[in-house]
Amino acid sequence: MGIQRRELLAALGTGAATGLAGCSSVLGSDEGEPVVAGETLTLTTTTSTYDTGLLDALNAPFEDMYGVTVDSVAQGTGQALETARNGDSDVIMVHARSLEDEFMRNGHGVNRRDLMFNDFVVVGPSADPAGIEGMESAADAFATIADAEAQFVSRGDSSGTHTKELAIWSEAGVEPGGDWYQETGQGMGAVLNIANEQGGYTLADRGTFLSQQSEVGLTILVQGPIEGGPELLSNPYGILAANPARHEDANYDLAMAYIGYVTSPRGQQVIEDYTANGEQLFYPRALSEDPDFQQYVPEGWSADESKE
Amino acid sequence: MVAALAGVVPLVDALAAQATAGPLLVGFPFESQYVASIIYVSLYVSVFAVCLSTLVSVPVALLVGFTDFPGKRLVKAAINTGMGFPSVVVGLVVLFAVSNQGPLGELDLVFTKEAMIVSQFVLATPPITGIALAAVTSVQADVRDAAFALGGTRLDVALAVVKEARYGIATAVLAGFGRAISEVGSVLIVGGNIAGTDGVSKTRTLTTAVQLEARQGRYETALVLGAVLVALVLVVNAVVVRLGDSGVGGGGLR
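Heads up: the sequence lines are chains A and B, in that order. Residue numbers for the first sequence, in numbering that gives the first Met the number 0: 0 to 307. Residue numbers for the second sequence, in numbering that gives the first Met the number 0: 0 to 253.
Read the hints as simulated data drawn from the structure, not as lab findings. No experiment lies behind these values; they were computed from the predicted model shown. Please note that the accuracy of each hint is not assured.
[Unchecked claim] Here are the in silico distance ranges between beta carbons for each label pair: (1) B:E30 <-> A:E214: 19 to 29 Å; (2) B:V229 <-> A:M64: 34 to 44 Å; (3) A:G155 <-> B:V74: 36 to 46 Å; (4) B:G83 <-> A:N276: 13 to 23 Å; (5) A:G106 <-> B:R153: 50 to 60 Å.
Using N, Cα and C, we set each Cβ at its ideal position, and we do this for glycine too.
Work out the full structure: start from the sequences and follow the hints.
So this is what it looks like as structure tokens:
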């Protein structure tokens, strides 16, 4: 048992040392060697970026370039922001602008950038019992599903997809509920499987749907903007750093290096080139010759607001 | 109980041998390095936590078993309640504790194996204590009296009791290990299910890997990982029961 005690002490010592290293090395060392190498960046993100495999492709070059490790924690937008709010995350990559804006307005996040986008699609059984196929408006399609009381499977987990779904219901003027509406609290993949088994409709991000299309018998009934569908179904991803003034331990330098990398031509190219099953899943959005100031501030924010 | 346990050994051995050598690994859908690192993390966290729990639990069980003190029934009730702690709740509490804003925030433990060990320790300690307590209290009073009469110190008496109750204590340790390694809620919350871009697990265990596969609807690969987990538990059970047999004088009770 003595050995185990020693191991415990060693582990605790290592833990403490790593903790201290995380705090001090950013501030510089006397040794003249690069101080960033060996550090760890904690990225909280959504299940869609992780499960599609994009993050592995995106992070590997960054890790090589800086000699660091990126710990990606896939949580869903709501939880990813909450983790950062508790000071346990350095950089956040999510897809629910309203939640990102709230996060920034509360002073937890800084330096938001538009990163990339794809879109949502309304999927359902090919028999299409509610008859929504080819509808031009997502809100109309949702209203039709509600009228027909056709099975609808909701994420119900405060994820970006769930947030978008609620926005569409609100646009459709429907308060979803009743036997036909199921809140599952599960990830996108699981929800697609449930919808498949129950012959129900759901809202899915195109990337996850494409990567699972071969396994589920669902088809796209209302397209998103990538295939000419309504703008309401666009799915923009943003990236932002934890505010170092709020969270002293946040690895802000490295977070900004990461944001710099993923919004650089090189990082954007990785996003552009990433495919699964031969289909492009994400479309880069960070690069623009023209100014785009709205990406740095909450939507609808204007300079007048700050004078109040 | 002793006889029953002894009878299970050959069966466990046979199943374990089949699980490790059998056809499970044919057509394996993962990089072997990935799976190996997940198994390593699972074992590291669970074994470490269970060893810590045992170090705490057995003395506590002896103390509670053989001394009388006010509030003893309360302590027993607390131990029994602890056996039923929902793991997600433990995970949340440990997350609050180790989170940057929590009391242990300075240690920077969130999303590390050490944080997972803490939550597994909290989960494994009550069952180990409870079952070990039942085992030591079932040791006949004359064994204790004999050890005492032979001039033993309190430590000698305690050791004699532990030796007599070794099968029960092994059962307790295995129950704790079973709870720790098969648990998914708390390690997911405090560990974050992290694997590097090189496919090496940092805080991903077999259970959270199963969860990840299931989340993406890849139930077949999830089942493969689940089979690995079951095989692993069988192997560990076999090893511990074997050690219990050979470690204490050739299984005199059989």
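Verification of the supplied hints:
no.: 1; hint: B:E30 <-> A:E214: 19 to 29 Å; verdict: holds, 21 Å
no.: 2; hint: B:V229 <-> A:M64: 34 to 44 Å; verdict: holds, 41 Å
no.: 3; hint: A:G155 <-> B:V74: 36 to 46 Å; verdict: holds, 41 Å
no.: 4; hint: B:G83 <-> A:N276: 13 to 23 Å; verdict: violated, 45 Å
no.: 5; hint: A:G106 <-> B:R153: 50 to 60 Å; verdict: holds, 59 Å
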